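**Student:** Sequence:
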Amino acid sequence: MSRASLTEFAGRFAESRVGLASLAVTLFFVFCALFAPLLSPTDPYDLSRLELIDALKPMGSPQVLPGEEFRANFTVTDGVAEPAGDVGDLTTASCGERCIAVRLDSAETELASLQIRSLPRGMNVEGASKHPVQPWWTVNDPEANGVRIISDEPFPAAFGFSVIAKTAEQPTDFVFVAGTDAFGRDMLSAILYGIRISIFVGVLAAGSAMVIGTGLGLLAAWRGGATDAMIMRTVDFMLSFPSILVGLSILAVLGSGVDKVIMAVVLVQWCYYARTSRSLALSELNKEYVEAARCLRLPAWRIMLRHVLPNCMPQIIVLFTLNIAAAISLESSLSFLGVGLPLTQPSLGMLIANGYEFIFSQKYWISFGPGLVLLLMIVAMNLLGDRLRDLNNPRFDR
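Going letter by letter, the sequence shown gives residues 1188 to 1585 in our numbering.
Honestly, the hints are just simulated from the structure, not real lab data. Small disclaimer: the values here were computed from a predicted structure and weren't measured. Nothing false has been slipped in among the hints.
The following label-pair restraints were derived from C-beta to C-beta distances:
# : residue 1 : residue 2 : range
1 : L1226     : T1278     : 45 to 55 Å
2 : R1304     : E1284     : 15 to 25 Å
3 : F1424     : Y1543     : 30 to 40 Å
4 : D1446     : L1483     : 39 to 49 Å
Only pairs whose alpha carbons sit at most 16 Å apart, straight line, appear in this in silico EDC-like list of lysine to aspartate or glutamate:
#  : residue 1 : residue 2
5  : K1353     : E1256
6  : K1353     : E1330
7  : K1353     : E1255
8  : K1353     : D1328
9  : K1353     : E1297
10 : K1353     : D1292
Even for Gly, the Cβ is constructed at its ideal location relative to N, Cα and C.
Produce the entire structure from the sequences given, and follow the hints as far as they go.
**Tutor:** Here it is in structure tokens:
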């Protein structure tokens, strides 16, 4: 195609605002797919960085660091408590003959829980609840930053006790813009990687199906006879089954994975290219330039690939654009049903399925974000394909 033809085609394409909008949205998603590792705040594939403390956080929630738990042991001799090892910021002091005060000597550290363990019988902890079986006391208000161990009887000559404290969660500057899912995974990062997987599967599957189907369609048109009948009856047989049923059957045998999903989509979509390319090739084979090529005794493969195929490509490219959206939709449907991609690979369909069980418990963001992105992607690609089809229609009225 010459430069003037490209300029004319671009001008005709730009006449439609819907076409321009669909092209812009499609290019935006392609950009997100190409640069997902750079755009995403976190890596959703890195399972070691996931924290259940961040699970099911709504949109705009800050990330928090889990509190640290530490244990301190004390020995008491003649009413005086001494630390047995590293006790951090915990300090003890005598508050009477039958009283020992324990507190955290740090204004910056906030406690989430505080337990006193291994006290002898007859002792109690003020402001704490005792375990029904074990000698444990859980402080009711750990933010008070101090408790007192008291005894109804004089202290034994020597005894020991343990203090188990857990610091409060600390918020960070990182914000989950799109919320998190049940695994604590950042939804924005998961959506960006989901776009990458969906476009990769869609383009590769539709491209592979185009090569296989177009080749078989051209072969059927050129050879005719039994070859044509066998290929077309196979196409009719494949098209008699719903696409989702064929995909489910294939993945039930092969298992889950990106390569398996691509194989399933290719086996579903090659039929459309074969039928379309055969119809176009039959129309082209009756034209004079093909007769001229035959008179020159050019080989069959050269006539089909150098002369017939280029004249069929505009319609095949339109079909390719539409089938990318169909491939993305099929992959998302299979992943939603649990037979597509594994849990470790955040496909858009898998993300929607993960949030389905929470959709009625006001945790809508888990399914809403991936669903909206998937909707926009498929609609934009379909509108782009429709615009290309209109431009290749000879009866198209400018």
